[in-house]
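Model the full assembly from the supplied sequences, consistent with the hints where possible.
Here the protein sequences line up with chains G and L, keeping their order. Here my numbering is used: position 88 in the first sequence is 88, and no number is missing along the way. Here my numbering is used: position 76 in the second sequence is 76, and no number is missing along the way.
Just so you know, the hints here were simulated from the structure itself, not pulled from any lab data. Quick caveat, the model's predicted, so the values are computed rather than measured. Keep in mind that the hints are not guaranteed to be accurate.
[Unchecked claim] For lysine-lysine, the following BS3-like pairs were computed, each having C-alpha atoms within a straight-line distance of at most 30 Å:
hint	chain 1	residue 1	chain 2	residue 2
1	G	128	L	173
2	L	231	G	221
3	G	221	G	115
4	L	33	G	215
5	G	175	G	48
6	L	173	G	181
7	G	115	L	122
8	L	47	L	212
9	G	48	L	164
10	G	115	G	175
11	G	280	L	266
12	G	187	L	68
13	G	175	G	215
14	L	173	G	23
15	L	122	L	216
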Amino acid sequence: MLRRTLSAMAGKVLVVAEMHNGKVSPATLAAVTAGMKVGPVTALVAGKDATKTAADVAKVKGVENVLVAKGDHYENGLPEEYAPLIASVVKDGYTHVFAGTSAFGKNVIPRAAAKADAMPISDVTEVKDDSTFVRLMYAGNVVCTVRSLDPVKYATIRSTSFERAPLDGGSAQTKEVEATKAEGKSKWIEDTVASSEKPDLQTAANVVVGGRGLKNAENFKILNELAEPLKAAVGATRAVVDAGYCPNEMQIGQTGKTVAPNFYLGCGVSGAIQHVAGMKDAKVIAVINNDADAPFFQVADYGLVEDLFVAVPKLTSLVKK
Amino acid sequence: MFVRTIPSHFTTTSPLWMRVMVGVKRVVDYTVKVRVKDNKVQCDGLKMSVNPFDEIAIEEAIQMREKKLADEVIAVTIGNKKAEEVLRTAMALGCDKAIHIVTPDGEAEGLEPLVVAKIFQKLHEEIKPDMWILGKQAVDDDLGNTPQLLAGLLEIPQGTFASKVEVSDGKVKVTREIDAGHQVVELQLPCVIAADLRLNTPRFPKLPNIMKARKKPIDSRDVSSLGVDTKPRLVREAVMEPPLRKAGIKVKSVEDLYDKLHNEAKVI
Numbered sequence: 001m002l003r004r005t006l007s008a009m010a011g012k013v014l015v016v017a018e019m020h021n022g023k024v025s026p027a028t029l030a031a032v033t034a035g036m037k038v039g040p041v042t043a044l045v046a047g048k049d050a051t052k053t054a055a056d057v058a059k060v061k062g063v064e065n066v067l068v069a070k071g072d073h074y075e076n077g078l079p080e081e082y083a084p085l086i087a088s089v090v091k092d093g094y095t096h097v098f099a100g101t102s103a104f105g106k107n108v109i110p111r112a113a114a115k116a117d118a119m120p121i122s123d124v125t126e127v128k129d130d131s132t133f134v135r136l137m138y139a140g141n142v143v144c145t146v147r148s149l150d151p152v153k154y155a156t157i158r159s160t161s162f163e164r165a166p167l168d169g170g171s172a173q174t175k176e177v178e179a180t181k182a183e184g185k186s187k188w189i190e191d192t193v194a195s196s197e198k199p200d201l202q203t204a205a206n207v208v209v210g211g212r213g214l215k216n217a218e219n220f221k222i223l224n225e226l227a228e229p230l231k232a233a234v235g236a237t238r239a240v241v242d243a244g245y246c247p248n249e250m251q252i253g254q255t256g257k258t259v260a261p262n263f264y265l266g267c268g269v270s271g272a273i274q275h276v277a278g279m280k281d282a283k284v285i286a287v288i289n290n291d292a293d294a295p296f297f298q299v300a301d302y303g304l305v306e307d308l309f310v311a312v313p314k315l316t317s318l319v320k321k
Numbered sequence: 001m002f003v004r005t006i007p008s009h010f011t012t013t014s015p016l017w018m019r020v021m022v023g024v025k026r027v028v029d030y031t032v033k034v035r036v037k038d039n040k041v042q043c044d045g046l047k048m049s050v051n052p053f054d055e056i057a058i059e060e061a062i063q064m065r066e067k068k069l070a071d072e073v074i075a076v077t078i079g080n081k082k083a084e085e086v087l088r089t090a091m092a093l094g095c096d097k098a099i100h101i102v103t104p105d106g107e108a109e110g111l112e113p114l115v116v117a118k119i120f121q122k123l124h125e126e127i128k129p130d131m132w133i134l135g136k137q138a139v140d141d142d143l144g145n146t147p148q149l150l151a152g153l154l155e156i157p158q159g160t161f162a163s164k165v166e167v168s169d170g171k172v173k174v175t176r177e178i179d180a181g182h183q184v185v186e187l188q189l190p191c192v193i194a195a196d197l198r199l200n201t202p203r204f205p206k207l208p209n210i211m212k213a214r215k216k217p218i219d220s221r222d223v224s225s226l227g228v229d230t231k232p233r234l235v236r237e238a239v240m241e242p243p244l245r246k247a248g249i250k251v252k253s254v255e256d257l258y259d260k261l262h263n264e265a266k267v268i
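Structure representation (C-alpha cells):
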C-alpha cells in the first residue's frame, strides 16, 4: 500500500471495457484491479446506446471516471473502429491502456498500440510497478519480468491472475467523449454464441475437464452428470475439441482459455504442456486416468489410476449423497 | 486497390487473383519443454520447427491457390541464418517464393512483434500483397499480437483467430473464434488474417517437393537494410521457471478420492 501511494500512483489508466450479455465482463473487472496498482482508473465504454452500460461501469469499485462514446459502429467490438477511438482518448494524458485478455482485448489492444508505436504486453499476470510487468512464455514454462520503455503502456490482463473488482461500491463521474467517425473497412455479420445454462468456464469455482480418454461425444454425458451437483463448468482438451466432441470455446490451454478455479478435475486428460498452461493455477487439482504414467499425475494434488468410465459415475453418486 | 484482375479469357473460375503473403517463425518445437538457466531461456540444441500456427497459415494460403483465389504465395521469415529451413519447409508445402530477413545470431526469441510488424509493413509497401496470413500466436513468446500490429500499422482490417476464411467479390468473410462461440465479420481487401487452430489441418511436405524446394531461390536481405529500428521496447529484467507445485498423492479408490476432496481439500 505504501509503495502504491509513494511512487506507483503517477499513472493514469484507461481500461477499455467489454460487455457480455449486458454485464461488465469479468476480464474487465480484473483489468480494473490491475489498473488500480498504477493509478486512478478511467473506463472507456463504447456502443450504440452506451448510457446503461456506462451506468453499470460507473458502479464498479475502483473506477473513478467513465468515458462514453456513442456510435453504431462500436456495437460489436470491431478493432478497426475501437483503435481510432482509443487513440483519440489516450491523447488526454493516459499512461496505461489495459483490457482483459479475452478475444476482444487481444484483438483491440495491439491494434491500438500500433497506432501509438508501442509494443503491447500480452496477458500480464502481475503488475510490479508502473512500467514492470510479469507474463508467461513457452506455454507457462517460463516466467518473464519485462520493463516497458514505451511512454504509454498497452497491455492485456490475465483475468485469473487478478481479483475481480466488485460490481458495486463505486461512484464514477461519467463524461461523454466525441465518437470517432466510422472506418467502414470491416463489417460485423453475426455472432453464433453457444447457449449454455452451465456456469461460465472462466469464472466457475469448479471445473470438470474431459480429455481424449472420453473416446466420444456421448461420453461427455458422464462429465455433465458430475458437473451438475458440483455446480462446475465443463471444459475440454484440444484433442477432444479437434475430434469434434465439443465446441472450441470449451478448450482450456495455451491457445484456449485460461482457468484458475478452486477445484479442477481432469478425466482422461494426459496433461500435455499446452493443456497444463491453461489450468495449473487451479487451487486443487485432481485427476482420474487409467494410465499411471500420464504426466498429469505430477501436477495433480490427488491422482486416481482407474478407468474413468467406472470412477466418474461412482464419484457422481458419492457427491450426490 | 491492390487487386489485380486477370483478363477474362485466362480465367474461368474467379476474376479475383490475389497475392498472399505468409509469415513463418522458427520456434522451439512445441513438444519440447524449455529450461531456464542464468536468467536466460536455454534454446541451444533443442529441436526447432515451424510455429504450429504458421503451418496452418501456409496451408490456408496454398488452399487458396488451389482454389484459384490466389496466384502467388510468398513466405516470409525473420531470423538468423538457420531460419532459412522454415522457408524451405514452406516452399516444399507449396509456397512460390520466399523472403528471408536475416538477423544476427543472439537472443533466442528474435525480434519483438512490433519490429516484425514494421518489417512486414515495409514488405507490404514494396510487394503490395492483397492478403497477409499469419499464425495467431508464436508458441515461444506467446504474445499473439503481430497480426494486429501489422493491420494497425497498415490501417487495413484484421480477421483474428480465424477458423474459416471465404473470399468472394473482393471481400473476405472470416469466421472468428471468440470467447462464447463464433463471430462472422466481412473485411475489405487488403487485410490481415490470423489463423486459429481450427482453420485447417496442415499437410505434410512430400519428399519430391522437399527436394524441389531446395533449389528454389530465397530472397535474402539483411535486417539492417530495411531501416527499421530493432531495439526492443520490452526489456527482459528476469527470466525464471515457474514455482513447482508441491508433489501430490495417489489415492487407491474413488472413495478415497472423494474423502480427500471432501474432508482434506474441502472442495466438494
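Numbers of the earlier hints that this structure fails to satisfy, in rising order: 1, 2, 3, 13
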